[in-house]
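Asker: Protein chains in written order, with this note's numbering: chain A, 3 to 263; chain B, 70 to 325.
For the record, the hints were derived by calculation from the structure and aren't laboratory data. By construction, the Cβ of each residue, glycine as well, lies at the ideal position given by its N, Cα and C atoms. Please note that the accuracy of each hint is not assured.
Below, computed lysine-lysine pairings styled on DSBU-like, alpha-carbon distance capped at 35 Å [said to hold, decoys possible]: (1) A:Lys228 / B:Lys181; (2) B:Lys289 / B:Lys88; (3) B:Lys190 / B:Lys81; (4) B:Lys190 / B:Lys180; (5) B:Lys289 / A:Lys228; (6) B:Lys320 / B:Lys289; (7) B:Lys181 / B:Lys259; (8) B:Lys190 / B:Lys259; (9) B:Lys87 / B:Lys289; (10) B:Lys81 / B:Lys320; (11) B:Lys87 / A:Lys228; (12) B:Lys180 / B:Lys259; (13) B:Lys320 / B:Lys87; (14) B:Lys180 / B:Lys320; (15) A:Lys181 / B:Lys181; (16) B:Lys81 / A:Lys181; (17) B:Lys320 / B:Lys88; (18) B:Lys259 / B:Lys289; (19) A:Lys228 / B:Lys81; (20) A:Lys228 / B:Lys320.
If you want the footprint, here are the derived chain B segments under chain A, 3+ residues with CB under 8 Å [what the hints assert, rightly or not]: (21) 98-106; (22) 242-249; (23) 306-318.
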Amino acid sequence: MNAILNFVARIGAAVLDAVAFVGELGLFALAGLSHIFRPPFYPRLVGRSLMEIGFFSLPVVALTALFTGMVLALQSYTGFSRFNAESAIASVVILSVTRELGPVLAGLMVSGRAGAAMAAELGTMRVTDQIDALSTLSTNPMKYLVAPRLLAGVIAVPLLVAVADILGVMGGFLVATVKLGFSPGTYLTSSFANLRSEDVVSGLIKAAVFGFVIALMGCFHGYRSKGGAQGVGAATTSAVVSASILILALDYVLTQVLFIK
Amino acid sequence: MSTPKIRIRGLKKHFGPKKVLDGVDLDVMPGTGLVVIGGSGSGKSVLIKSILGLVQPDAGVIEIDGEDVLTASPRRAAAVRAQIGMLFQNGALFDSMSVWENVAFGLLAEKKIARRQARGKAVEVLAQVGLADSVADLSPAELSGGMQKRVGLARAIASGPAIIFFDEPTTGLDPIMGAVIDELIVDCVKRLGSTSIAITHDMASARRIGDQAAMLFEGKICWTGPADSLMNSGNELVDQFTHGRADGPIKMALRR
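Let the hints inform the model, and build the full structure from the sequences given.
Answerer: This is the structure in structure tokens:
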């Protein structure tokens, strides 16, 4: 009997922990968001975070997008040639990249690079009392550390995705024209013939949401880390894992909302 | 009798099943230095963090200049707490900034000076803690432990706080550097006319920087008295602690 009660109690405790975690995360996100709109503002810190999240992630996002576009063209060609549908490659590449692969892959890459760095930086600040020190120097840590990163995430990731879209399409174009023998003019014409503005805009909306999620997870896990080096390591891992899972889950939700009328 | 600068009554805080503070009563009179001693994990840091608003106590009263910061509005409590400076145990310097930016941080945050005057003001404060102009542009990671403590002290006193807290100011320093830091602390506190609370394990330091002393034991203040009577207080808890005796009423949680 005791074993059953213990088992039930353990499930109950896990559920309560999960609810408390979601509540804590929600309150953290709301507090961070509200500080974006209330003075004092820290434009220099937003600029620094934009460089960290956006500019320094550019090489890894660009390479990912380029190779993804190239592989997509190659795979589509080998698959579609079975049905004599090679002419659809250009549309498949541009629609896949702008609607789906650009934002998701850029999000995952930025999460691994910038989200992890955010969690490690804030986590180290937490365990070395630097966050407490901010409070004692008349500075709200949520406003000073979290709000600029959230804002920068929402701005930087869509910009990265715009670049990723262009490079992904360019990768497909290169493979199609150099390796698969497509005429450049025909490829570009059929690429843009089926592209609508909402394809690009929906990808950028996804990117803004992913940027927010990456910054939120990096800040949240870093901010509440404890226990020295091990705690900071765990916070970094949690930030990347949770942001990646949320990106994939939210991608489904956003696709449903944006495309299924 | 004048109002205490800091008055604490019935302060309680627990973490899980552990009662860290279990009804702390404490008065610190204006312009005096109080040293709080007690074993590791006795709640000294939690006491200071509660006053600073970094830890939310479960119950009790914390009055600063007669105003209860636990029941005041967040804005009012922040304004009252803005007069407190803090020297953290490990310095807690911002490693993404240079030394002078660390020192001027509070002044810039409170908009007491313009950014272009900040470096000059920071160098002035650094001179008060015996650091040369050449240190100003270094990063905290380039400094020794003693220098980091001095920069931390400079940052704590830069805005001329009416109250200053010191969390184990001499921990990790050699005895000579410890004495130097103590001397600087006494100088700074005297010059500013501040009220101070220091928590420490270092008895020599406690007698140098404190006027009054209090000991925390099992979540309560078990003794208060003049700091220079710490070594002969007549209280067996204090005597065991200050003389570092393994045997006595304080039992360490050790498995033998």
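Asker: A separate judgement is required for each hint: does it hold in the structure or not?
Answerer: Outcome of the hint check:
no. : hint                : result
1   : A:Lys228 / B:Lys181 : holds (34 Å)
2   : B:Lys289 / B:Lys88  : holds (10 Å)
3   : B:Lys190 / B:Lys81  : violated (40 Å)
4   : B:Lys190 / B:Lys180 : holds (13 Å)
5   : B:Lys289 / A:Lys228 : holds (27 Å)
6   : B:Lys320 / B:Lys289 : holds (16 Å)
7   : B:Lys181 / B:Lys259 : holds (22 Å)
8   : B:Lys190 / B:Lys259 : holds (20 Å)
9   : B:Lys87 / B:Lys289  : holds (14 Å)
10  : B:Lys81 / B:Lys320  : holds (22 Å)
11  : B:Lys87 / A:Lys228  : holds (18 Å)
12  : B:Lys180 / B:Lys259 : holds (25 Å)
13  : B:Lys320 / B:Lys87  : holds (17 Å)
14  : B:Lys180 / B:Lys320 : violated (50 Å)
15  : A:Lys181 / B:Lys181 : violated (66 Å)
16  : B:Lys81 / A:Lys181  : violated (74 Å)
17  : B:Lys320 / B:Lys88  : holds (17 Å)
18  : B:Lys259 / B:Lys289 : holds (29 Å)
19  : A:Lys228 / B:Lys81  : holds (23 Å)
20  : A:Lys228 / B:Lys320 : holds (28 Å)
21  : 98-106              : violated (count 0)
22  : 242-249             : violated (count 0)
23  : 306-318             : violated (count 0)
In terms of the numbered hints stated before, the structure departs from hints 3, 14, 15, 16, 21, 22 and 23, listed from lowest to highest.
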